[in-house]
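Just so you know, we're using the numbering used here here: the sequence shown kicks off at 1071 and counts up by one.
Take the hints with a grain of salt, since some may be wrong.
[To be verified] Derived pair list, reagent style DSSO-like, types lysine-lysine, alpha-carbon separation capped at 30 Å: (1) K1262 / K1129; (2) K1116 / K1129; (3) K1191 / K1129; (4) K1129 / K1163; (5) K1262 / K1116; (6) K1129 / K1199; (7) K1109 / K1191; (8) K1199 / K1116; (9) K1163 / K1116; (10) K1191 / K1116; (11) K1163 / K1191; (12) K1163 / K1199; (13) K1199 / K1109; (14) K1109 / K1163; (15) K1262 / K1191.
[Unchecked claim] The calculated label-pair distances, taken between Cβ atoms and stated as ranges, are: (16) D1171 / G1117: 33 to 39 Å; (17) D1171 / E1087: 15 to 21 Å; (18) P1166 / A1115: 33 to 39 Å.
These are calculated hints, taken from the structure and not from any lab test. All values derive from a computational prediction rather than experimental measurement. We treat Cβ as the ideally placed atom computed from N, Cα and C, and that holds for glycine.
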Amino acid sequence: MQTRETTFNLRLWTVDEYHRMAASGILDEDERVELLEGKIIWMSAKGTAHSSAVARSYKLFARLCDSFAWVISQDPITLNHYSEPEPDISVVKIDPLDYADHHPRPEEIYLIIEVADSSLKFDQEIKSKSYAQARIRDYWVLDVVNRQLYVLREPTDEGYQQEFILDENGIISPLEFPDLQIPVPQMLPPIK
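Generate the whole structure from the sequences, applying the supplied hints.
What follows is the structure, encoded as structure tokens:
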């Protein structure tokens, strides 16, 4: 039996249109959405392990990077004309205006970390490709369920060429700051 393939043309939204939707009330300010590759994506609900890992990671990076980088949590970054995700943690260049006139762009981003509980596959497949295409050199996915850190590097248009996994006792250094030693257990929620 032959099947007929149906092709759909999607209308992709730009970052400017996305902002206008929010300003006009089409998107409610309390809606947890982000723009990725021209599509408005519902963000996963935050579980307690996710929230704990985001808070712990933010505090750790803010303390360690205080004098040479700015750490933001769950705020927008602009990857391109069609993508404005809100990573759990972004380590970015210090901006004299504190990014009052734009969100951090790829050339200003040192590291992105997504914390995954129910979103692991999405973070590893969909988001990783968008970050790789934007040439984010250092992308980490902190898996709070399996207590592992996925480290993705060497971005290309097809995705990241290098990936390795650290267990919950691992130590990692960001590419941009090789002297920093980041203990994975300090990012993860404590074990009950």
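Measure nothing beyond the straight line between the CA atoms of K1262 and K1129; if it is 30 Å or shorter, mark the hint as holding. Within the cut-off at roughly 20 Å; holds.
Per the hint of 33 to 39 Å, is the separation of the Cβ atoms of D1171 and G1117 within bounds? Holds - the Cβ-Cβ distance for D1171 and G1117, about 35 Å, lies within 33 to 39 Å.
Keeping to a limit of 30 Å between CA atoms, is the pair of K1163 and K1199 held or broken? 22 Å, holds
Agreement of K1191 and K1129 with the hint, judged by alpha carbon distance not exceeding 30 Å: 26 Å, holds
Check whether the Cα positions of K1109 and K1191 lie no farther apart than 30 Å. Measuring from Cα to Cα gives roughly 18 Å; hence the hint holds.
Within a Cα-Cα threshold of 30 Å, do K1109 and K1163 meet the stated pairing? With Cα atoms ~27 Å apart, K1109 and K1163 stay inside 30 Å; holds.
Given pair status - K1129, K1116, alpha carbons within 30 Å: 18 Å, holds
Hint check: K1129 vs K1163, CA-CA at most 30 Å. Holds or violated? 17 Å, holds
Distance restraint evaluation - D1171, E1087, Cβ atoms, bounds 15 to 21 Å: Given range 15 to 21 Å: holds, Cβ gap about 19 Å.
Proposed proximity, K1191 with K1262 (alpha carbon, max 30 Å): The given pair, whose Cα atoms are some 26 Å apart, holds under the 30 Å limit.
Quick one, are K1199 and K1109 close enough, alpha carbons at most 30 Å? 14 Å, holds
Against the 30 Å threshold, does the CA-CA distance of K1191 and K1116 hold or violate the hint? Holds, at about 16 Å.
Of the numbered hints stated above, none is contradicted by the structure.
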